[in-house]
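**Student:** All chains should be built: construct the whole structure from the sequences, respecting the hints.
Going line by line, the protein sequences match chains A and B.
The first sequence runs 0 to 100 under numbering that gives the first Met the number 0.
The second sequence runs 0 to 589 under numbering that gives the first Met the number 0.
Calculated pairs, DSBU-like style, for lysine-lysine (alpha carbon to alpha carbon, straight line, at most 35 Å):
(1) A:28 to B:331
(2) B:267 to A:28
(3) A:85 to B:331
(4) A:85 to B:267
(5) A:86 to B:331
(6) A:70 to B:331
(7) A:85 to A:35
(8) B:293 to A:86
(9) A:35 to B:267
(10) A:85 to B:293
(11) B:267 to A:74
(12) B:358 to A:86
(13) B:144 to B:62
(14) A:85 to A:74
(15) B:370 to B:308
(16) B:267 to B:540
(17) B:572 to B:540
(18) B:62 to B:122
(19) B:293 to B:253
(20) B:267 to B:293
(21) A:28 to A:85
(22) B:331 to B:293
(23) B:308 to A:86
(24) A:28 to A:70
(25) B:370 to A:85
From chain B, some residues computed to sit far from chain A (all C-beta separations above 10 Å):
(26) 127
(27) 174
(28) 238
(29) 259
(30) 266
(31) 371
(32) 372
(33) 435
(34) 568
Away from chain B, derived, C-beta distances all over 12 Å, residues of chain A:
(35) 2
(36) 38
(37) 40
(38) 73
In case anyone wonders, no lab produced these hints; they're calculated from the structure.
Fair warning: this is a prediction, and the values are worked out from it, not measured in the lab.
Just so you know, even glycine gets a beta-carbon here, dropped at the ideal spot from N, CA and C.
This is what each chain is made of:
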Amino acid sequence: MAAIHVSESENNDTITISIRDRFDFSSHKEFRTSYKDRPASAGYILNMRYVNYIDSSALGMMLLLREHALKNGGKVIIANCNPDIKKILMIANFERLFDIQ
Amino acid sequence: MRGVSLKPKSIDLCDDCSMLPQGSLKRADCKALCVLIADDDETNRVVLESMLRRDGHEVYLAKHGEEAVSLYEAVRPDLVLMDIMMPLVDGYEATRRIKTITGNHFIHVIFLTALTDEPSLVKCLEVGGDDFIVKPVSGAILRAKLAAVARIHGLYGELERQQRDLSIHHERLSYEHEVAERIFAKVIGSARSEAANIRSEILPLAITNGDLLLAAQTPSGGQHVLLGDYTGHGLSAALGAIPITDIFYAMTRKGFGIREIVAEMNRKLHATLPTGQFLAASLVEWLPRRGIAKIWNGGLPNVIFTADKERRVACIPSRNLPLGIVGDEEFKIEIDVRQISRRDRLYLYSDGLIDARDKEGRMFGQERLEKIVHGNVDRDRLFDEICEEAEIFRGSQPQDDDITIVEVLCDESLLVVDGLSAERHGRRPDYEFSVRLSAQILRNFDPLGMINGLINGIAALERHRSYLYTIIVELYANALEHGVLEMDCSLKKTPEGFARYYAERERLLAELAEGWIHVDIECFGDESSGELILQIEDSGKGFDVGAVSNEIRADTGIRIGGRGMELARSLCKSLSYDARGSYVRAVYSW
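**Tutor:** Written out as structure tokens, the structure is:
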């Protein structure tokens, strides 16, 4: 299971969600609570620096986060992807939906 | 065996709970238990019984080990207070038997013993006892132990209940899974066509597969192929497959192209799937008569094209979002069109292939796959080579994802042909020609004369020229006016409108900047018998064929648009439009 770490910026306008190792279905619940249980934020950064594997349910979870953010007028940045993960995101054409950095 | 009289009769009980230190044990903690007392000394039994009853417990009494075991079987108490030294069967043996009978059920056995030597006490626990109290028994200690037992019992009962719930839940889930699997198998099974030009290797991860492969022939003699890969596997994936399968077959049958099919699938999935669930897919529309294939790729790895004769290999990457993520207004459809010659091939595969890992954790990868394709010599062996390499690579590593590999061999002779063209199957036409009329040609001259000239040159058609000419003129006019020029035929209902209609037609035609009409004629047979197939496709948005046909019946006196079509229909053996109204196929036979 992926370990998920959540932090908020000082002025509370960005929530950074960092995931470790595998980002797959087993992280579903933990990932959801990482933003559901917090007050809505203007921006979410999904820090992928420590992720070495994602599957299609991870893409689904990203879409759920996006929906959550859009509902509150916020946006999602997917940051620090390794080349393999970036490729997966590009195949799914997720750059049209997310800011991928 | 020891004499009964030798046993110490020293149970020192405090009679009232109020004597207990407050807070350490309240009466409320002593949930009522069912207690079995096994002691051969009557005084001990009576004293214990009266105290426990007063505390609200249910009490059963046994005079020796034998009786203790049979009573245990009969009443199944929560707790046994067990004396060690008893006639017939002693406390050790009785405990051993009781623990054997209980199996998984939880039963507490507390020894009440006068023996204080270490080996005796150790043996209490070794035979399966849970605790011991050394005689003389203090009432306070006994109550405290009982309270502890009651607490453990409460927890244990809760645990048992949860476990039961869980197993019921699990059973229900696997039942529903099974039902879903059957539904899925039925949907796929009833629909999957045995296309001779398609080879596939499907390795599902779960019972129900998240990958979906569909193929069907189009009314115009082409083929549609879909490979889809759902988010996740199993049940949720299978559920999403149902609307997709329906749309794919229904719309293909009605003559829609992949652009419309993709749009409809996206609309449906976006409306029904929860956020986070989607379908990555590739669709291929192969049009053998026109020598092209249209490919839509949304979220699957590169579709690979291989030319048969030359060493040409091309990749068609995903340029689209997977299906079901965004709504209609945001959904853009980008389709790649490729020239296809006979026996060219297309390879579709799910990302399970690319992401497959070997025992060192390395990925199979796109590059490795493309290397296999480039290194291939015998095209007939390529599909096997890919499957074999993937198999060898993976070794005994467990699968992470569903893997599907599909080869589409573009050879028209392998397609199962419909009733109309069955007699010609496998034969090339005796005469055929195909012309694509660009906007520039349409603007500058009337191609009907040229087409007529070509038909005049075919001896077999000598007696049919005028009929054929009528058919071509009418269908061509529909394609031009209602298709490319997007004109509304209701204008022609009145005499003034009729004139205006043709003025408008001139004007629009002169200004035409883009659009095309594709005319395709195939002729089989000789003077005595034969068949001519005319296909006209245009770049327009199509028109409502049904509405036009209805208009004729309602309004007979005046020549309106639909009438020409009806005339053509009456001359043909068959005439059918696709659902959009931008493709027509007419068969004339003699």
